[in-house]
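Line by line, the protein sequences give chains A and B. Under the numbering used here, the first residue of the first sequence carries the number 1, and numbering increases by one thereafter. Under the numbering used here, the first residue of the second sequence carries the number 1, and numbering increases by one thereafter.
It should be emphasised that the hints constitute simulated quantities derived from the structure, not laboratory data. Treat each hint with caution, since some may be false.
For chains that are exact copies, the list does not tell them apart, and a pair is met inside one copy or across any two.
[Said to hold, decoys possible] Derived pair list, reagent style DSSO-like, types lysine-lysine, alpha-carbon separation capped at 27 angstroms:
#	residue 1	residue 2
1	LYS56	LYS32
2	LYS124	LYS102
3	LYS203	LYS102
2 protein chains.
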Amino acid sequence: MTIRYPNGRKYTPSSQSNGPRKVNHSFGNRGKTLEDELNETNEYYVSHGIAVIHKKPVPIQVVNVNYPARSAAVITEAYFRTPSTTDYNGVWNGKHIDFEAKETKSLTSFPLQNIHEHQVEHMKRVHEQGGIAFLLIHFSSLDRYFVVPYEYFVEKWERKIAGGRKSITLGEMEEISIEIQAGFNPRLDYLQAVRLWLNRLQKEATERQEIE
Amino acid sequence: MTIRYPNGRKYTPSSQSNGPRKVNHSFGNRGKTLEDELNETNEYYVSHGIAVIHKKPVPIQVVNVNYPARSAAVITEAYFRTPSTTDYNGVWNGKHIDFEAKETKSLTSFPLQNIHEHQVEHMKRVHEQGGIAFLLIHFSSLDRYFVVPYEYFVEKWERKIAGGRKSITLGEMEEISIEIQAGFNPRLDYLQAVRLWLNRLQKEATERQEIE
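Okay, chain A solo, but in the shape it has when bound:
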């Protein structure tokens, strides 16, 4: 089977989406973290009834808690644990959405060491259950954002496992992803990229049926 890549076609948020949209001036990162940007986006989705997607809390192992009289319990000893799943999930239009967001300062490639093996395993399982699994990758020095479907990401991951390169080059990233641009509201409209991606999959499936 030949896999057809999305060819890195650039997705620009349309001005037809619901809700107010201001003129798209220059939107630099302005010191916001990717997490801030995604939280804003997800709040927009929830408040406009578009989707219900949240960041999961950071997993923390609590070891000791004090319960002072008349005030809130204080955790006095705890440790960060390694997440065993992706950071973001939820539901959109009847579909389960599951993704991990990562940033790199590199100008040329995305290092795969940013992703844990159990996160890839988790995305595989979600994909097999009919959920939509992807990575959202920010090249912060270039201020470019890429939505990478799990099905394409996993090829690069398996190349690494097989002893190949330990990163995805920027050129490859453009080939295997849908690029999105930061806007005003929603800040990072990743669901539009997912919609584009699903439409393309459906169109390809229809074309295959017509040929058969």
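Since the structure of chain A is provided, determine the placement of chain B on it from the hints.
For chain B alone, coordinates are given in the frame of chain A:
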């Protein structure tokens, strides 16, 4: 529109499900928490490729962290935050699953104060997006478990908001839920209850179409 309740029909896990199933001896609670039982169940679902459902980490506000040389970061001051969503979610067979699990020691009713308003709001949103939202309620003194679809739960919740009773009686619980029994493996097969519930909805929809 008349709402037809599931009539509290009791669901008993069939012996035809995948994977090994031992003879169902008497399964008391044996000191396990509901969370333990659900973690076991979810591990079973994941390891058998049935579903990918996890408990979300408890949300914690980290205030102070020490970074000792040559060892793991230690959180030395942190506070528990109120969860804004349900505790469990994931994907099963292309469907988004979202639920909250609660226990009561009461023999006669489930107090609604166990549920936060923002959790009900969250379940409403999930339901509107086509996800499957429900409560799993354990009457621990009776060792009975009930899967309550959001659509039925919300009626009792709204009755409380309107100034009515602040709990769901055991009799009502039997009417608006699918009861499940604790088994060996999976420990609490709540997805079988969800399947039963979806089949019933579909059957009713078909019957309505035939009448029209």
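Hints not upheld, ascending by number:
Per hint list: single violation, 3.
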